[in-house]
Every structure is written in C-alpha cells, then in structure tokens.
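Line order of the protein sequences matches chains A and B.
Under numbering that gives the first Met the number 0, the first residue of the first sequence is numbered 0, with each subsequent residue one higher.
Under numbering that gives the first Met the number 0, the first residue of the second sequence is numbered 0, with each subsequent residue one higher.
What the hints contain is simulated information worked out from the structure, not anything from laboratory work.
A few of these clues could be false.
The list cannot tell twin chains apart, which means a pair is met if one copy fits it or any two copies do.
[Said to hold, decoys possible] Derived EDC-like pairs: lysine to aspartate or glutamate, alpha-carbon spacing no greater than 20 Å straight-line:
1) K122 with E142
2) K19 with E55
3) K19 with E48
4) K283 with E343
5) K45 with D175
6) K45 with D14
7) K141 with E119
8) K337 with D296
9) K45 with E55
10) K416 with D177
Number of protein chains: 2
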Amino acid sequence: MARIVMKFGGTSVADVTRIKNVARHVKREVDAGHEVAVVVSAMSGKTNEMVGWCREAAPLHDAREYDTVVAAGEQITSGLLAMTLEDMGVTARSWQGWQLPIYTSNAHGSARIADINGDELIKRFKERGEVAVISGFQGVVKETGRISTLGRGGSDTSAVAIAAAIKADRCDIYTDVDGVYTTDPRVVPKAKRLDKVAFEEMLELASLGAKVLQVRSVEVGMVHNVRIFVRSSFDKPEDIDPLSNNPPGTLICNEDEIVEQQTVTGIAFSKDEAQISLRRVADKPGVAAAVFGPLADASINVDMIVQNVSSDGKTTDITFTVPSADYARASEVLEASKKSIGYESVDGATDVAKISVIGIGMRSHAGVASSAFKALSEKGINLRAITTSEIKFSVLIDEAYTELAVRTLHSLYGLDKA
Amino acid sequence: MARIVMKFGGTSVADVTRIKNVARHVKREVDAGHEVAVVVSAMSGKTNEMVGWCREAAPLHDAREYDTVVAAGEQITSGLLAMTLEDMGVTARSWQGWQLPIYTSNAHGSARIADINGDELIKRFKERGEVAVISGFQGVVKETGRISTLGRGGSDTSAVAIAAAIKADRCDIYTDVDGVYTTDPRVVPKAKRLDKVAFEEMLELASLGAKVLQVRSVEVGMVHNVRIFVRSSFDKPEDIDPLSNNPPGTLICNEDEIVEQQTVTGIAFSKDEAQISLRRVADKPGVAAAVFGPLADASINVDMIVQNVSSDGKTTDITFTVPSADYARASEVLEASKKSIGYESVDGATDVAKISVIGIGMRSHAGVASSAFKALSEKGINLRAITTSEIKFSVLIDEAYTELAVRTLHSLYGLDKA
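Let the sequences and hints guide you as you build the complete structure.
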C-alpha cells in the first residue's frame, strides 16, 4: 500500500469521455489498495476561453478578478471527476483551493503556495478510503480570502506541494509524453527515456524539462523530497500494473536514489538565444552591476555571462546572452547606459544556440567538458562562449550547427539507444 | 442616495459585450450616488452546458459535486463584471457565496438561504464606495463548507435575500420583459403593465409571474419586506434616469404602498391542467386523506380541490386538478387505492384550463366572482369547477375557451389598455 498523488493535465480531462478514462486510472490505484489524491487542471481550451473573456472585458484587468474567473475551470473538472468516481463505486470528493485550504501568497496570477494542511485528507484516507479530487492551479490568500492562481502550468506545482503535505510516497504526473529523454527525440531519434533523473539535473535540463513539467514543481519536489514520476496518460488504464516496481516513465528524485550514476544525463539546447558582446569595458569594480542592473530593471533575463580577465588590466570584453525576443530592447538599454557603463562598442548576434550538457556525475569525473570541446572542434563547430557549473556546462555556437552539435555530444557520452 | 441591489440574468450577461452593457447600467446608478450590490447569473447557455457534462459523467450524480460544477458559471460572470467595472473606473469586487458567506441549507441542488451577513458589504459601501458583484444562485453549507446551489432561477432569490441582508431600498430585477402584465399580452394584446403589485398578488399570479421571476424570491421579499422592481434589461443604460421616482417597470411591494387599489389586478391562466373526478365517494371522516395521501406520496401536485356536501349524507363527488403530465400516473395511483378510498368510479379530462382572477381589492369588494360567472355564462362558457380564496378565485373550463374567457374577464374588470 502506498499513498500517491496523481496529476492530470488539461488534455487528459478535455471532455467527459477522457475524464472517465482518468477515473479508471484512479480506480486502478484505489483497487490496488493505494491512498489517492488526484490533482486536475481545467478542461483543455477552457482556460484559454476564460482568459480571452478577461482580455475582452478589460485589457488591464484586476488580477484578483482574473483569478476568480479562471479558477472556475479547475472547479468544474474536480466536480466532474469526483462524481464520475462515485458513479464507478469509488468514494471521492472534490476540494477547491479555499476548502482544503491551499494558502498562497497574494501575488495574484502567479501566486506561490505558502501552506497546505494535509491532515483532513489523511484522516479521510484512513476513515473512509475517500479519494481527494483537488483543483490544481488555484489556492486562496489567507489574509484576504480571495481566490488565487499559480500561473500557467501551476497544477504540477499544486500536485507536488500536495504530495509533500500528505507525505505521499510518489507524485505521478500523467502527461502526453511518457517521460524525460536524454535529449529531444525529434532532433536525435536515438534519444532514450531516462528511468531516473536527479532534481538538480531536471532543473538544469530546462528546455527539455519545460515541455514535461513546470520547473517550479521540481524545485518544490527537491525542497520537500517528493518523488515525481512522469508517465504517459495515453496508456490504457487497465494495462498498467499499479503494483509494479518499474513502470514506464521517468522518476525525478533525490540523487541518493540513483544507483548507477551516468556521467552525463542529458543534452539540452535552445535556439531562442541572442548573444551580446560589450567591447573594451573598463575593468573596474562595479562594472558588472552597471551592465546588468539596467537590463534587470527592464525585466530582461540574462543567461550565460562570460567575462575574461583583462590582459592589460584596464579593459575587458563582456559577453552574455538574452532571449532572442529581448535582443532589440536589450541593445537599446545598453546604448542608453553607454556613458554610465563605459565601453567602446557593442556587437551581437541572434543566430546563435546554446547547447548544455547536464549530469550529476560530472562532479566526480574530470575531462567531461574537454572531450566535448574536442568532439565539436573535430566537426568544425566554433565555440563562441563557454560557461560551466558544477553539474552542467554550456557552449554558445552558431545556430546552424545546433542539431549536429547535439547529436555529436549525445553519441560522445554514450546516450544513444542501443 | 439609495441602496439598491441590481440583478441580471443569464441573457443579460451572455457574452462580454453584454457584460459591458450591464456595467454601464451599474455605473449609471453609482454615478447617481447610489450604493450598489449586483447579483449575476451564469452566462446564458453555460449552466446547461455544465449540467450536460454532469449528466454525461454520472446519470445519478452526487448533488454536492453537481453544485460544485454548476456554481462555476456564476463565479466566472462575477469576476468578469467586477473587472469590467474597474476598467470603467468603478470600484468593485466579486463575491462568491462562500466568501460573503451566503449560508444555505444542505439540500444541495435546491438549497434554501439560511443566513447572509451584510455588514462587510455595507462597510465597503461606506468606506470605499465599492460595488459588490455577487454570484447569484450559489451559497455554502455552514456545517460542511461545501458549495450549494438554490436550483434553477435561484439568482432572483439570491438578489432579494441579499437586499434584505443589506437593508436595500429596492431590489431591481433586470429581465427580458419590462414588467408584470395584467395578463399574457400574447393572448390579450390590450394587457397593461402594472405599476405596482402586492407580494400576495404576485404569488397568486403564478403562471404570469413565473415567466418574470422565481416565486421563491417573492416569498422572501414578502417576509423581509424587500421592494422588488421588475424592469427591462434592454433599455439603453444611458436612457434611464437613475433618480426617477417612476421608472418603467413593475414594483412588487407591500400592499400598504399601493394607494389606488384595483379590485382585480390580473388574470392568470394555465392550460397545463387535468381534471379528475371521483364519483360516489363514501362521505366519512378521513376520505380526503385517503384520496390525497397516495397522490402526495407519488409526488403529484394537486391544485384545485372541490368537494360538495353530499345530498344523501352518504356519498359525495370529489373533483381536483393535477398537472397534465401527471394525469396518467394519478389515475393509476387512484385505481390502486380504490379499495382504501372507497369510490364508485373515476373520470377525468385533460382538455381543461384554469383561469384565475387575482386582486387584493377583492377582500373588500362583494360580487367580484359572481360578475365573472355571469359574463362567462353569457359567452356560453361552462364552469366545470370553482375555487375561491381571499384574494383569488379560479374556474376550470374547457381548454378551447381559454382565450375567450381571459379576454372576457380582462375587459370585465377594466384591465384593458386605454
């Protein structure tokens, strides 16, 4: 017997037929003796419909009212799933954020979960064998009693936070992919599904992970040590063995649980990058703040930052990346700050890509990055910039070489499917 | 300065364009210095859509989950209207049943309002000039914290109950008719809109009134003495004078407020009636219970009941009406109870109609009914049965004569438009 949270996204509950399918997934787990909390999103398309109404009603709308409107989507799904389960003979009840309650910050539209009391749910598991069907994405602000939402994709975070609150053995995220892959299978057909990924790796896998589940949910999982299992919602409910020790999917967990550590876990990449280089910047204390302060004030996200030690002790070059969409705006900001920063010239490029190699094993293996540099140079791929961290290194290259670089590194680190 | 409740139904808030129109109605009243609470229904069609999903999910669904699902409709409208008002510069916020809270009984799906605390709303009127946008139709069960709904049309009752809670001067019901008429204008084109109707009359106007607002809301208005004003939602918001003492519409109020009492206020009729007569029923104590007990057990609503004093002291005839739809079932019930009741034969007809003449003035005017009997007989209309109450009398006639009878009585009592 285990205690599990099962999370289903909007596509999985798009209509009543699919909600019935979800109910069969839930019933399977209940029949196997598990204690189950289900977290659901709004029916696919409903949130967009409601967001559209909000925009039409008021271009600059009150975020509290926006939350009131869009939270209705999850409310509908939770009620429908609860009644479907009851119709199948499974004891169940729906819970809205304010009923549980799921307390959040008052940052309406992108609130953070502050506190969930799981005692009532646990009591009902024990006393009635009752399945909790919980509206994801939403909560309530304790101080005001207003409905809040966590922002798009927030149901993943709801699920993991609820799993932490009820001390669940596992949080199953049912999604339209069957797990996390070593890289994007559309680029590298030989990409393999990972059985296990450490939380830290999952956070660094960014571009790969973002398609699978909300980054914030991984952070919550890491802090509260909630085992997150990404699995397919397309499998027939009855084809899944609820007692299997190794069901198909990817477990995101503490690294201690990963016995056979690979040096490299996955290769992520992003073409949505632009490079900006400031030439002959005065090499003095406070120059980095002078450069990145105005960009932060303009809400421009800076990613890779490379600054070399100056050769002459007077000036240096600073290179960094920003999202392609912000390139023009970033250039303007830098132009406006030219005097306060003090640089000679600025140049940049939008036809660049960032390739990241991620693996916890890197920490204890030397030469992981250097073998990559060698392999890429053998393919004639020039490295514009390099950054490294404990479990990841990234290179910035010409965008045209993206696929070649990813495939080369994927083979290099033995990630290709047998 | 007045304190008013404004209630808008599903048609008035069917899309964002119409919600903006509603907001203009509200702004007009706010600009005139009034304190305003608005009660809204779900967008037209949305409730039906959600009810359809519930039926598809589970034919016999848990009423608590049904309420959770359908209450989402009003939640969406209240949020959209609040943000629209704010966009127009009107301070506003939405309130769900559980937020105010509106406590109800736990009869999910047809709950009754038990208690509303209006203090917070009044405080916000005074301190912030804030418009309260309240979801109609829904409430919360105090003991369980579950969402409840009042049943179809319940938003009218929400509005009147909220008006009572905040001691409003008036509860304006904006609807697709511009008031209550002396009879159905489709039958009698000369029917006039009534300026004022007493609560008791409105309750008796049943068939006429039901198209205008929920009967339960009139009961609540009568108990708490809430002046209910039925008015058109089609009037252009800016064409209405918010300070007028005599705006177009019908005021439902205490009879004290109606200075010029008419003897007859209106003529109601219903073709949805069936007549059943039990012949030679033993005239002994308990016979009425023997007849109507089994019908009540079968949830068949009995309306007119006529029982004459028996001429021989032994047997009598009992005639009553039931809804046409229940006629066959009622006949079966009576057949099954034939022994316990003790009657000779049963006959009936479904091609009958009930015509009701309503007027508080009747109490102090003799001969009101007899003039009707005379007028109808002059037209050759046979009266199958007659019942009377303090402010109403009804006759059962052949259905074919319905329109003729209504027109005849409408003229007789001087209700025709000048």
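For each hint, the structure was consulted:
1. K122 with E142: Cα proximity of K122 and E142: across copies only (18 Å, versus 26 Å in one copy).
2. K19 with E55: between (33 Å within a copy, 10 Å between copies)
3. K19 with E48: between (23 Å within a copy, 17 Å between copies)
4. K283 with E343: within (15 Å within a copy, 114 Å between copies)
5. K45 with D175: Classified as within; 18 Å inside a copy, 29 Å across copies.
6. K45 with D14: both (11 Å within a copy, 15 Å between copies)
7. K141 with E119: The answer is both: 18 Å in one copy and 17 Å across copies each meet 20 Å.
8. K337 with D296: within (16 Å within a copy, 88 Å between copies)
9. K45 with E55: Classified as both: same-chain Cα gap 15 Å, cross-chain 18 Å, threshold 20 Å.
10. K416 with D177: Cα proximity of K416 and D177: one copy only (16 Å, versus 73 Å across).
Hint check: no violations occur; every hint is consistent with the structure.
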